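Peer 1: Going down the list, the sequences are from chains A and B.
Residue numbers in the first sequence follow the numbering used here, run continuously in steps of one, and reach 825 at the last position.
Residue numbers in the second sequence follow the numbering used here, run continuously in steps of one, and reach 818 at the last position.
Honestly, the hints are just simulated from the structure, not real lab data.
Just so we're clear, the structure is a prediction, and the values are computed from it rather than from any experiment.
For glycine and all other residues, C-beta sits at the position ideal for the given N, C-alpha and C.
Incorrect hints may have been included.
To be verified - Computed spacing ranges between beta-carbons, pair by pair:
| hint | chain 1 | residue 1 | chain 2 | residue 2 | range |
| --- | --- | --- | --- | --- | --- |
| 1 | B | Ala598 | A | Ser718 | 33 to 41 angstroms |
| 2 | B | Gly755 | A | Ser718 | 47 to 55 angstroms |
| 3 | A | Pro648 | B | Pro611 | 20 to 28 angstroms |
Each chain, written out:
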Amino acid sequence: MDRGTCLVWVFGDYADYFQNRVTLQLIAKGKALASELGTRVGVVVLGEDIGQYVMEYVAHGADVIYAADNNALKDYDVELFTAVAASWVEIFRPEIFLAGATAFGRELFPRIAKRLRTGLSADCVALEIDRETGAFVQTTPAFGGDLLADVVTPVMRPQMATVHPGIFRELPHDPFALAELIHPPLPNLPERKIEVVRRRKEKARRASLTDAGVVIVGGKGVGSRANFDKLFQLAELLGGEVGATRPAVNAGWAGEERLLGQTGKSVRPRLLITIGTSGALQYTAGIRGSETVIAVNRDHSAPIFGLADLGIVGDADRILSLLIEELNRRL
Amino acid sequence: MHIAVCIKQVPDVAAVRIDRERMTIVREGVQNIINPSDYQALSLALALRAGLGGTLTVLTMGPPQSEEALFEAIAAGADRGVLLTDPCFAGADTLATSHVLARAISRLEPLPSVVFCGNNTTDSDTGHVGPQVAEELGLPQVCGIFEVQPESLQTLLAKRVRDGYLETIRAACPVLFTVKGVSEPVLLPGLGSLQSAFSAGSIVRWGRNELDLTMDETGLTGSATRVWRLRAAPHRTKGEILTGQAHDLVKEILKRLEAMSLVEEEQIHG
Numbered sequence: 495m496d497r498g499t500c501l502v503w504v505f506g507d508y509a510d511y512f513q514n515r516v517t518l519q520l521i522a523k524g525k526a527l528a529s530e531l532g533t534r535v536g537v538v539v540l541g542e543d544i545g546q547y548v549m550e551y552v553a554h555g556a557d558v559i560y561a562a563d564n565n566a567l568k569d570y571d572v573e574l575f576t577a578v579a580a581s582w583v584e585i586f587r588p589e590i591f592l593a594g595a596t597a598f599g600r601e602l603f604p605r606i607a608k609r610l611r612t613g614l615s616a617d618c619v620a621l622e623i624d625r626e627t628g629a630f631v632q633t634t635p636a637f638g639g640d641l642l643a644d645v646v647t648p649v650m651r652p653q654m655a656t657v658h659p660g661i662f663r664e665l666p667h668d669p670f671a672l673a674e675l676i677h678p679p680l681p682n683l684p685e686r687k688i689e690v691v692r693r694r695k696e697k698a699r700r701a702s703l704t705d706a707g708v709v710i711v712g713g714k715g716v717g718s719r720a721n722f723d724k725l726f727q728l729a730e731l732l733g734g735e736v737g738a739t740r741p742a743v744n745a746g747w748a749g750e751e752r753l754l755g756q757t758g759k760s761v762r763p764r765l766l767i768t769i770g771t772s773g774a775l776q777y778t779a780g781i782r783g784s785e786t787v788i789a790v791n792r793d794h795s796a797p798i799f800g801l802a803d804l805g806i807v808g809d810a811d812r813i814l815s816l817l818i819e820e821l822n823r824r825l
Numbered sequence: 549m550h551i552a553v554c555i556k557q558v559p560d561v562a563a564v565r566i567d568r569e570r571m572t573i574v575r576e577g578v579q580n581i582i583n584p585s586d587y588q589a590l591s592l593a594l595a596l597r598a599g600l601g602g603t604l605t606v607l608t609m610g611p612p613q614s615e616e617a618l619f620e621a622i623a624a625g626a627d628r629g630v631l632l633t634d635p636c637f638a639g640a641d642t643l644a645t646s647h648v649l650a651r652a653i654s655r656l657e658p659l660p661s662v663v664f665c666g667n668n669t670t671d672s673d674t675g676h677v678g679p680q681v682a683e684e685l686g687l688p689q690v691c692g693i694f695e696v697q698p699e700s701l702q703t704l705l706a707k708r709v710r711d712g713y714l715e716t717i718r719a720a721c722p723v724l725f726t727v728k729g730v731s732e733p734v735l736l737p738g739l740g741s742l743q744s745a746f747s748a749g750s751i752v753r754w755g756r757n758e759l760d761l762t763m764d765e766t767g768l769t770g771s772a773t774r775v776w777r778l779r780a781a782p783h784r785t786k787g788e789i790l791t792g793q794a795h796d797l798v799k800e801i802l803k804r805l806e807a808m809s810l811v812e813e814e815q816i817h818g
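When you get a sec, could you build the whole thing from the sequences and use the hints?
Peer 2: Following this line, the structure appears as structure tokens:
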């Protein structure tokens, strides 16, 4: 097989593997970027008994795997993983290093970037090589999401970015794919200073929002707490869960655990009904994986209609009340 | 115990508007506030200090008016404020920002046992600064906590929600926490007062010289990233947009729900 350079790297975040596909999405995107740059895509996999993940990453397009299978790396630890990943970057000098903007990715990557004194962009929604300048352009929502900032790291390497889950599409599983497997040397590992003493599933109601098949979301345009409470009725009628935007949470209509978007949860239901939400990227970043989106908003120029399959221009409360009434009649 | 809290003054994003024609942010009449998760960090720090005693120092980097945020923190019970301000700090990305903050924290006496930061700011929202300050200070980090309590003289127990799990984490001091999701952050009243906030010596100002930093380490020149351009988020149209009578609109919604087999089709009577 081709043993060329491998200058585009992806951090193999395998936590919650079957739910969290962002590493696979980044392998696909990394492969496309690598082919533009005339190089290959590699995945860094750290842990113990990681064989199954390595096989999955190869089947989904990784050209090279940089692996450490070691008992000391058994559980995720920011300091340990930083030490290993940063030392490998110094050996192999990749040009680009990507990670999913998962809870762990967003904690790990700033630390690696700082150790390497390089630049990092956060929660990107697009990545591309600029054809004119060859710059690696990392697009990230700015100022509450109404603007997009194209960020570059002109001098320092690698160019690092965390990427919002659900933006890119993974490659189909190819069981016959082959890759190069490298076990680079491990640096001296720091002591573990953080210990998770208890871990239990959050209350069912909270946890299920991210898995719900139907999600009803309310924003500032819902108007009042009493109106917002109707979202719960609607959710009940459709067997769904309720989410909220930042302004609705700030107004006290819903708890922080229902917050969707950049600083909250991401959902990917079959159906999402979003009511009285203008559609700031800060929020929509969390709903992009939804299959069908129905939006209700009074303002026909609201950006939320840009991603709705069905847009309803109307008064949130009036539509909500009629819909509940009609569903009650039918069920 | 010495506790340090890093805070940032941000425009109240709920009130900020974007001028799409000129691609600028309309800040007129927009109030500056303490970044919400920094405010939560301050509330946890004050509660921890109330239990353990000790000193609480609040730091902020920003233009001179950021001093307001320090006054607010001291009025709520912090002992002193450090204003990190210098024209050459402007335009810093998270690498350069964390450098100034970490340098300032390393100059505090005694060195803090616990450093708190907000998890992320509402204006640039990277969430990088906390981990990067921890990295430069060589501290372990625990991100996204909403509660922290002393366990022993040297260890703390913190709680956070991660990937649908409630985690309890033991951390030995010194440690850096980033805070988010505190449901009702309160700055305990009565501990501080506006009078102490405005008393002489409660706020010190440090610039590049006081921190022994070179121009190359700060601001835009000390940053690894550049914002190449800003553009409006695209408005794309995907589906159909309907206007009309509420009854007809609700019928259209019901049709979609029927098509997805979420409700049964209307029986036609008579």
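Peer 1: State for each hint whether it applies.
Peer 2: Each hint tested on the structure:
The hinted window of 33 to 41 angstroms between Ala598/B and Ser718/A holds, with their beta carbons roughly 36 angstroms apart. A C-beta distance of roughly 48 angstroms is found between Gly755/B and Ser718/A, which places it inside the suggested range of 47 to 55 angstroms. For Pro648/A and Pro611/B, the Cβ-Cβ distance of about 26 angstroms falls inside the hinted range of 20 to 28 angstroms, so the restraint holds.
This entry satisfies every hint, going by the numbered hints stated previously.
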